[in-house]
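Enquirer: Below, each chain spelled out in residue letters.
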Amino acid sequence: MTTGRTIAVAARLWLKHNSLWMTRAKRELTAFSPAMVELGLRELFTDIAANVEELERREASRSTLHAPRSKVCHILSGNLPNSGIVSVVIGLLSGVQNVVKPATGDPMPALFMESLATVDSKLARRVQLTRNREAHREADIVVAYGDDETLSSLQKRRRRGARDTFLRFGHRVSIGVVNFHHPATRIPQSSIAAAARDASFWDQQGCMSPQCFYVRGDAAAFAGELAREMERFDQLWPRVEMNFVDAAAIARARNEWSFRGRVWASQGSTHWTVVLDERDSWAPSPLNRFVFVRPIESLASKLGKQLPLSTIGFVGFSLKEVVAMARADRYCSLGEMQRPSLLLTHGSRPRVGDLIV
Amino acid sequence: MKTARKKTQFSAPKSPPAGELDARILDLIARGTERRSTDAGFDSLALALFRHQFALNQPYRGYCESLGREPRNVAHWTQIPAVPTTAFKDAQLTTLPPKQRTTVFHSSGTTAHCHSQHFHCAATLELYEAALWPMFQSGMGIPPAPSPATNRQDSCPALIILTPTPAEAPHSSLVHMMETVRRKLGAPCSAYAGAAALEDGPALVAVVQSKIQNPKSKILLLGTAFAFVRLLDAIQSLPLPPGSRVMETGGYKGRSREVPRKELHSLIARKLGVPRANIVSEYGMCELSSQFYAPSQSVIFHGPPWTRVQVIDPETSREAREGEHGLIRIFDLANRASVIAVQTEDVGVRRGSGFELIGRAQQAEARGCSLMVPS
Chain L
1 MTTGRTIAVA ARLWLKHNSL WMTRAKRELT AFSPAMVELG LRELFTDIAA
51 NVEELERREA SRSTLHAPRS KVCHILSGNL PNSGIVSVVI GLLSGVQNVV
101 KPATGDPMPA LFMESLATVD SKLARRVQLT RNREAHREAD IVVAYGDDET
151 LSSLQKRRRR GARDTFLRFG HRVSIGVVNF HHPATRIPQS SIAAAARDAS
201 FWDQQGCMSP QCFYVRGDAA AFAGELAREM ERFDQLWPRV EMNFVDAAAI
251 ARARNEWSFR GRVWASQGST HWTVVLDERD SWAPSPLNRF VFVRPIESLA
301 SKLGKQLPLS TIGFVGFSLK EVVAMARADR YCSLGEMQRP SLLLTHGSRP
351 RVGDLIV
Chain E
1 MKTARKKTQF SAPKSPPAGE LDARILDLIA RGTERRSTDA GFDSLALALF
51 RHQFALNQPY RGYCESLGRE PRNVAHWTQI PAVPTTAFKD AQLTTLPPKQ
101 RTTVFHSSGT TAHCHSQHFH CAATLELYEA ALWPMFQSGM GIPPAPSPAT
151 NRQDSCPALI ILTPTPAEAP HSSLVHMMET VRRKLGAPCS AYAGAAALED
201 GPALVAVVQS KIQNPKSKIL LLGTAFAFVR LLDAIQSLPL PPGSRVMETG
251 GYKGRSREVP RKELHSLIAR KLGVPRANIV SEYGMCELSS QFYAPSQSVI
301 FHGPPWTRVQ VIDPETSREA REGEHGLIRI FDLANRASVI AVQTEDVGVR
351 RGSGFELIGR AQQAEARGCS LMVPS
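From first to last, the protein sequence lines stand for chains L and E. Taking this note's numbering, the leading residue of the first sequence gets 1, the next gets one more, and so forth. Taking this note's numbering, the leading residue of the second sequence gets 1, the next gets one more, and so forth.
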């Protein structure tokens, strides 16, 4: 079996009815509700099962695949399970030895490796999990996810001459752009559900989660409909219960914005919040399903040139129009923002070729 | 959803005139701080003030309307919409027309656009000054009134105020409070540290030393926590005369190293020779007109009878249970010309009719790759 085939078989173990691995993940991955874990991991492993062999075939045609092997250290952030698992999959496809430093308390890398070991223990041995914070010192290549401060600190501690092999995936922002111009030409309801899904998936923890939707047309009407869809999504895939600090951050932001703008919010909880902000400004979201809606005019004036954009999800515009509005690593339809295919190559994770010296 | 309108409606009386409200507030203040006001009495005045503020404070009215709250469907003081303290930066939250605004208090901030603005006129400044005194007096153990036989100026302690002078900080509510205290005490031997000395430990020491020449003259030493840290860092020991008292207030705002309250009070006790029983903490802000006090040996802050405090569970927006953390919300009837209900960003724990102050709510941490960008 090729590496890709083996990984695909392991991924399918997660998709089986009553999968042991999925059950364990739902129990152990406490940063999200069990329903959110199941939905998110099901999508992740469906993608891996469907595309990993194709990715292997594409990359095999590159002569660089057979270059001398290296040792890659993956330093994972733990805010989302996806990026770490995909990083390890790409590490395995590249044929290198992998050292993986999961975030404290993140059970997913270990669970995934256990599932892979049941299919091919020899392949699984190419991944060594570690708690050693200095593991990156011995690696030829470092793939690091996390906040900018941590990444800069890590990069500084790298041995001299190794800076060119430090692949950092730090803080970025994603947004949606929506043409909601006229009541008669409103985008279909399914697109609003898709926007709610993008803003709610993985509790908005990843850099592909939109923090703001820029709307051409009646932004208030869009915000109201988005709120209804956020509530619907939360009924099916509830957000995890917050600790005090995170709940207080949301409460403070709601208080602030209920004066500055208009707020739609889950009642009796901080599960989701939609804020209509009609000022020409950018403000941070406290995340955890807290999303802004702003008129599209403020996109041109504020955001395009200032923020590191990961993904722009769009509806009702052509790709050309969206690219003209702002530069990002990735453009996709609304609803697809948190479904980056394994086959896509963009700036949020390494490519197989990146890991080959 | 939060924006849903309440169905309860009744016909609300008209907004009472300012003069009538001021008289009622002053009457409540004159009754002193010992007894908690009855809920009915508090409620009646709170609702009258809400009607007044809803009618005359346009940004507040808009805010209330966006929440579906207005006098005809607000039946109890707990239903009065609380304005976040940040709103004092966003809008001119006042019932006063521009010509009547004789004084404005700003929050301490680093840049002009970050300041809160709390406007006063002569009448509301009188309320402010009337409201601050009884709590200060009881918190600092000052007798209610001098006996006719004593000359107040002889018996009153020397006042040392570790803040800028009123001329240096005309928009500081804290400095205005200090100046009011100085005037009410009639303390002839009082001294402000002044802005320059606050940046310089030895200069602060010199200010204090200059006032403790007479070992029999008691001192009231008032100041911000960071000023105390600067002073204490600059001395090994500087005992104040017996019977002296200390009041510390405010946070650090990055101006000195931060010292937990208990440790700060221990340092004051050890280096200044003031027993813990003579140290109090004060909690106030420019958006309010009343203050809260906690003796050093307690963690619980109490306010005057014309205030109420709620500790709000951020998850549910309902009042937290006894002993649970939440965000502090204050109803201050002395805030006649702005808003009586203020939602702070401070975290507290509900303790009976008071609260334990934990500190400013932290910003949630940016985790992983999703960016929380400062505006």
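The hints are simulated quantities; they were obtained by calculation from the structure and are not laboratory data. Please note that the accuracy of each hint is not assured.
[As the list claims (entries may be wrong)] To spell it out: a stretch of chain L is covered by chain E in this simulated footprint if at least three of its residues, at any positions, have a beta carbon under 8 Å from a beta carbon of chain E; those stretches are:
| # | stretch |
| --- | --- |
| 1 | 239-248 |
| 2 | 260-269 |
[Claimed, not checked] Just some of the chain E residues that point at chain L, by a computed CB distance under 7 Å:
| # | residue |
| --- | --- |
| 3 | 87 |
| 4 | 92 |
| 5 | 189 |
| 6 | 191 |
| 7 | 236 |
| 8 | 237 |
| 9 | 314 |
| 10 | 315 |
| 11 | 319 |
| 12 | 324 |
| 13 | 343 |
No residue lacks a Cβ here, since even glycine has one placed at the ideal position from N, Cα and C.
Enquirer: Determine for every hint whether it applies to the structure shown.
Expert: Consistency of the hints with the structure:
1. With a threshold of 8 Å between beta carbons, the proposed coverage of the stretch 239-248 of chain L by chain E holds, since 7 of its residues qualify and at least three are required.
2. As drawn, the stretch 260-269 of chain L meets chain E at 9 residues by the rule of a beta-carbon pair under 8 Å; at three or more, the given contact holds.
3. Hint on residue 87(E) holds. Least Cβ distance to chain L is approximately 4 Å, under the 7 Å limit.
4. A least Cβ separation of about 13 Å between residue 92(E) and chain L goes past the 7 Å threshold, and the interface hint is therefore violated.
5. Against a cut-off of 7 Å between C-beta atoms, the interface hint on residue 189(E) is violated, since the closest Cβ of chain L lies about 44 Å away.
6. Given hint, residue 191(E) at the interface with chain L, is violated; its Cβ is 39 Å from that chain's nearest Cβ, farther than 7 Å.
7. Residue-level restraint check for residue 236(E) is violated (minimum Cβ-Cβ distance to chain L is 38 Å; threshold 7 Å).
8. With a cut of 7 Å, the hint placing residue 237(E) at the interface with chain L is violated, because the nearest CB-to-CB distance is about 40 Å.
9. Hint status for residue 314(E): holds, given a least beta-carbon distance of 3 Å to chain L, under 7 Å.
10. Taken as an interface hint, residue 315(E) checks out: its beta carbon lies about 4 Å from the nearest beta carbon of chain L, inside 7 Å.
11. Hint status for residue 319(E) relative to chain L: violated, with the closest Cβ pair at about 13 Å, above 7 Å.
12. At its closest, the beta carbon of residue 324(E) sits 9 Å from a beta carbon of chain L; the interface hint therefore is violated under the 7 Å criterion.
13. Taken as an interface hint, residue 343(E) checks out: its beta carbon lies about 5 Å from the nearest beta carbon of chain L, inside 7 Å.
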